[in-house]
Amino acid sequence: MSFLLDVENKTPILELRNISKRFPGVIALNDVTLTVDTGEIVALIGENGAGKSTLMKILGGAINRDSGKVRLEGKDVEIRSPREASALGIEFIHQELSVLDNLDVAANIFLRREPTTGGILKLIDRKKLYKDADALLAKLGLDLSSRTPLSRLSIAQQQLVEIARAISTGARIIIMDEPTSSLSLTETHRLLEIVKDLKAHNVSIIYISHRLHEVEEIADRAVVLRDGRNAGELPRSEIKRDQMVRMMVGRDLKELFTTTNGNGHKKDFPEWFSVVKLRTQRYPGQTISFNVARGEVLGVAGLVGSGRSEMAKTIFGVDEAVEAKITLNGQSINFTNPRDAINHGVYLIPEDRRSCGLVVDFNVRENISLPNLESYASAKIINTKKETEAALKAVKSINIKTPSPEMRAANLSGGNQQKVVLARWLTFSPKVIIFDEPTRGIDVGAKAEIYALIRKLASEGVSVIVISSEMEEVLGISDRIAVMHEGRITGFLDRPQFSEEAVMHLATGAAG
Amino acid sequence: MKKELGIFVLLVVLCIIVAIVNPNFLLPINLQNLARQIGAFGIFSIGLGIVIITGGIELSVGSMMALLGVLLSMMLTEWGLGVVPAILLSIVIAMLLGLLHGVLITRLNMQPFIVTLCGLLFYRGLARFITKDETKGFGTVAGLDFLRYIANGNLFGIPMPFVLLILIAFITWIALHRSVYGRYLFATGRNAEAARYAGINTKGIIATAYVVSGALTAVSGIIIAFYTNSVSPANHGNAYELYGIAAAVLGGCSLRGGEGSVVGILIGTALLQVLRNLVNLLGIPSSLDFAVMGAVILIGVMADQILTERRNRRQVSLMRESAKSEVPATE
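Residue numbers (our numbering), protein chains in the order written: chain Z, 1 to 512; chain E, 1 to 331.
Bound-form chain Z, shown alone (with noise of 0.2 Å):
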């Protein structure tokens, strides 16, 4: 642990000490350890799939850890619920919210803690719940009702809701992950000085950030996880962004996509593929219009809501569209639902792999046959011995490990289960793929191995669309880049134009 800075002369009132754990198929934390003073604002800062978030749910006793300690004010302790994480003063703030939005907000913030009264009736003090609830608004400069339910708040109102919950609680440790993803520019300033005020009054806070200028503003000391290790540490005074940026990546990924820059093959019909007007349900009252020409990757990027997942469902014919003219080809192709899609070679490969791209108790055979079955059926009964060639010659041409066929598509590790929702398509002949964060939760490896599927496919004259949350991702796999914000493309950008400020811009919404 010599690399990691000496904080060993006072105790600390959190200790994560060199923590493993494995999953099935991937080792996700290797001897991690992170520590955090009273009052400290710990920035713990990584790329996708890091660890930070295994870290995190262990704390929480969400998971079980394989070995390592966790202790607090110095002592041993065992975590096994969020609840008895609550218990002894560790709150959580998810990415993901964990609001109930069929209750209203003060609710919501005091729930299980409710105010009671009445003696052994145990009726809650509605008096008093509604008083404390509106208080803690106030005080988080929220202009709401705490009567309102929660349905009718935005998603950034809700996150607030969420952090007034955890404050409430009087937690000693608050662990905020991703808390700004859906904050506009005033809402995040206001969480900062939410953040400060804490640290204030002697809490400490973990904050997990992708946005490196928060925590250039207000991380103590940032701890770097690479590939489920600690890769570093940063003390206030070098927390600069090159510094950060640096130890995240690593030289991993800039040497992932070295092969993948210069597109020497030929693009040609730039109105190949041709979206005009196309109006999401989500935002009705927006419209997207963009080309894709034959064999070009277009990155879209764009913050989380944006509704960039919502334009690929519609496209593909999952939502229905509120209005959209989509041609391939010339030829007028509307979808009106994923069977119309595939039948004319325009193919998704879904954000959510375990909900919507595969169906992971079927096997991989089942699987890769599952939108092609009838070409390998006579007299609709399936040949399982076609199926299982053509299963057979998939997995190996895109190099799916798996011992067999007749594995569980769940037992596979992340990168797997996206290559086998790839290569059901590929036993099509694909004109038009759609990726919506083709390598969430992917490891490095897996995710090279993806870039150059990608590659390879727009080489062959596929058009690709590549949906991503991740900077270096958009960035190093796309011939140009659609930015989106709040359901309309705020701007294109051609790769002599790419860099991180500029797709920022756009997608905070900056440019029209």
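One thing to keep in mind: the hints can contain errors.
Examples of chain Z residues lying across from chain E (beta carbon under 10 Å, computed) [unchecked claim]: (1) ASP352; (2) ILE382; (3) ARG424.
If you are wondering where the hints come from, they were derived from the structure by calculation, not from laboratory data. For glycine and all other residues, C-beta sits at the position ideal for the given N, C-alpha and C.
Once you've looked at the hints, dock chain E against the given chain Z.
Just chain E now, kept in the frame of chain Z:
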């Protein structure tokens, strides 16, 4: 297959116990009766099983049977329809009712439980209304020999309903476990969203399941009507849907959908009928027959659950072992 094997062992053990305690169990007449019951109940249970595999439920089976029973009687004895048109019409009506359920569930996104519960209430009431609550029979109408043979006759000593069940089971086995439809059915039941992303017409698959269930209910209904030879609109088929659900669940269908097999449903049906038979043969007060069934189903499903969980735990620990030898990477 493991699931079916467990329940099969339970069935065999029960049979052996009953046979030892009361050897009358093995009398040909008892076995024939048993097989006849299994046949009549098995056919609609398969239909219900298919619905359960979609993740749905069909509660209106018993009421539908009463409605079809009285309609069949009226068609044959009062309206003077021929045997063939009457049978075809019964089956078509049942399929249309199934289609109605399917459409309400898939197009209006209504919950299967509610839709079919309303069916349960409505068809029963309708049956009682059109008969003015009078029991209907088949009287002395000529030309019903064939239907009586289907319900009460034997083929080489094997009761006809059982023969029909085996035939239908074979066809549905092909459809469920060998055909494109079956694969789509299981995919839809497991994960309708993923099935849709794979281009499967999940609504069509689900609606078809209710139509098939309707058709099989009609076949069972015709057999049972001629077996009992009279149809009392208020009681005929009462709670039969529960026999079907119990058989399917015992046979390994999960109410969450996506799981189950024709063989399992057959064994489940057989087990239930053996239990009813056992109550008679062992001199258990017949008032206890539901209690016996309830207890055995609970124990059976509980044992299965415990074994499954143990198996899963073992699998996880095995994978953890094998993971230790692999290259570090992250999830």
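Structure-based check of each hint:
no. : hint   : in the structure
1   : ASP352 : 9 Å, holds
2   : ILE382 : 6 Å, holds
3   : ARG424 : 7 Å, holds
Against the hints set out earlier in the document, no violation occurs for any number.
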